[in-house]
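Participant: My request is simple: use the sequences and hints to build the entire structure.
In order, the protein sequence lines correspond to chains A and B.
Numbering-wise (this note's numbering), the first sequence opens with residue 1 and increments by one.
Numbering-wise (this note's numbering), the second sequence opens with residue 1 and increments by one.
Hints were generated in silico from the structure; no laboratory data involved.
Yeah, the Cβ is synthetic: ideal placement off N, Cα and C, and Gly gets one too.
Don't take every hint at face value.
As the list claims (entries may be wrong) - Selected chain A positions facing chain B (in silico; Cβ < 8 angstroms):
(1) Cys48
(2) Cys64
(3) Ala76
(4) Asn87
(5) Glu92
(6) Arg96
(7) Ala99
(8) Glu100
(9) Ala221
(10) Met223
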Amino acid sequence: MFDKEKFTEIVSNFVTMSGKILPDDVTQKLEELKNAETGELAKTVYKCYFDNQELARKLSRPSCQDTGVINFYVNAGEHFPALGQINDCLKEAVRRSTAEAPLRHNTVAIFDEKNEGTNVGERAPYIHWEIVPDSDKIEIKPYMSGGGCSLPGRAITLMPSAGYEAIVQYVFDTIVDWGINACPPLLVGIGIAGSVENAAVLSKKALLRPIDERHPNPKGAQMEKDLEKGLNELGLGPQGISGRSTVMGVHIETAARHPSTISVAINVGCWSHRWGDIIIDKDMNYEIISHKGAKI
Amino acid sequence: MKKILSTPVSAEDLKDIKIGDIIYLNGTVVTCRDVAHRRLIEYGRELPVDLKGGCIFHAGPIVRKKGDGKFEMVSIGPTTSMRMEKFEKEFIKETGVKVIVGKGGMAEKTAEGCREYKAIHCVIPAGCAVMAAVEFEEIIGAEWTDLGMPETLWISRVKEFGPLIVSIDAEGNNLFEKNKKVFNKRKEQQVKEISEKVRFIK
Ligand code: SF4
Chain A
1 MFDKEKFTEI VSNFVTMSGK ILPDDVTQKL EELKNAETGE LAKTVYKCYF DNQELARKLS
61 RPSCQDTGVI NFYVNAGEHF PALGQINDCL KEAVRRSTAE APLRHNTVAI FDEKNEGTNV
121 GERAPYIHWE IVPDSDKIEI KPYMSGGGCS LPGRAITLMP SAGYEAIVQY VFDTIVDWGI
181 NACPPLLVGI GIAGSVENAA VLSKKALLRP IDERHPNPKG AQMEKDLEKG LNELGLGPQG
241 ISGRSTVMGV HIETAARHPS TISVAINVGC WSHRWGDIII DKDMNYEIIS HKGAKI
Chain B
1 MKKILSTPVS AEDLKDIKIG DIIYLNGTVV TCRDVAHRRL IEYGRELPVD LKGGCIFHAG
61 PIVRKKGDGK FEMVSIGPTT SMRMEKFEKE FIKETGVKVI VGKGGMAEKT AEGCREYKAI
121 HCVIPAGCAV MAAVEFEEII GAEWTDLGMP ETLWISRVKE FGPLIVSIDA EGNNLFEKNK
181 KVFNKRKEQQ VKEISEKVRF IK
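Facilitator: And the structure:
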């Protein structure tokens, strides 16, 4: 029998924890970038980042006040029991975390412009589903993205004559125009597909894989590396005050396009990139992938 | 040595402070963002707090009520200052505020305001909401609570609030505008080089 209460509790505890402690890949990358800085300003900012993470852990508080409108990316095994109940459980988990963490109240109802103070509302938390064949487990990736790092999100459909060159231009324009307020160093997610909605979802999914995991196509992987190097040459530095780097990484996700269109979308994650990855089996045993050794 | 200012801050105190400097602040800080600016400038409503020589923080905090009925700052961090650009110059003139803290830069009009009325804009590293919260020793007042938790004017006593990185000084020099010119110049070169490598459609 599916233990609804237990499942909700695990997810709620995991969401609460991931608002306080950054995942291993982000921490490790920040450490690397911090050590590469030479200027006094940049070093001071990185020191704040690390001191803050320490305090958040010690005082058990959300490390950034903007805990976002929560999104869940769910990879559900086809044999996991009670798939029909997961939506309810995830909503309830967010309701609980909002009170317990506590999370800032961020869900504002469209048209009525009301904030109920629960972080639950129409399609909130937003849940993205994928079915995994031959599995009886469920993988859940919660993501908290604040307003600052959601603002640069944009998408466009280009003509093939513009080529991938136009994608490069679009990425650089977006980061220079909008990157500073998104709290660099940024993780840049790029989706390339045949229409904007596909590209947009992919650009967000690109942020939810471990930093530096490369696109499977060697050309894609190379483009990621080239963009990463190029963006770092801009030297936005932490908080945009200038420094040695701009980004933690660049990830591209793709879907086959139509011959007449090439759509591209960009989403960025901030330095406080609070994503998590947990796998739960049908007996409610769980394994945390993103934060090794974490207690929930 | 740490450069620490105390409120009320005078024009004289700001004379030797330049963009890129790091300072800290003792005294009183008031959170103040979108709607409060709009109310003062567009609707001409008087602010319920005296900001002469004071400091405002563009921020939206998480605040918790404690057992003794007092409020406690749980988490507080800056919000994008540019949203207040439209109002800030007049805001400085009307209120006599001397230190504005937020994130990202502000533009031409605010820089003008800082030069004419002798004020500075600073950024505090964002995403460091617990670090900042522990610098807030006590919440001593709350005004315009009808605006909800993020927009309420929370009046607080702070100790060594910072690090505050000066982004506009009292001469009107603007760190982010200067940086942006550099970033844009570097951008052209990078786009050109990378574009050569991604000619996949032939
Ligand atoms: S961009 Fe990220 S780190 Fe910066 S304030 Fe928003 S959520 Fe926090």
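Participant: Could you run down the list of hints and mark each one as holding or not?
Facilitator: Do the hints match the structure? See the list:
1. Cys48: holds, 4 angstroms
2. Cys64: holds, 4 angstroms
3. Ala76: violated, 32 angstroms
4. Asn87: Violated, because the Cβ-Cβ distance from A/Asn87 to chain B comes to roughly 27 angstroms (cut-off 8 angstroms).
5. Glu92: Hint violated; A/Glu92 Cβ to chain B Cβ min 21 angstroms, cut 8 angstroms.
6. Arg96: violated, 16 angstroms
7. Ala99: violated, 11 angstroms
8. Glu100: Check failed: Cβ of A/Glu100 comes no nearer than 12 angstroms to chain B, outside 8 angstroms.
9. Ala221: violated, 12 angstroms
10. Met223: Where the cut-off is 8 angstroms and the nearest Cβ of chain B is about 6 angstroms from A/Met223, the hint holds.
Violated hints, in rising order: 3, 4, 5, 6, 7, 8 and 9; the structure is consistent with all others.
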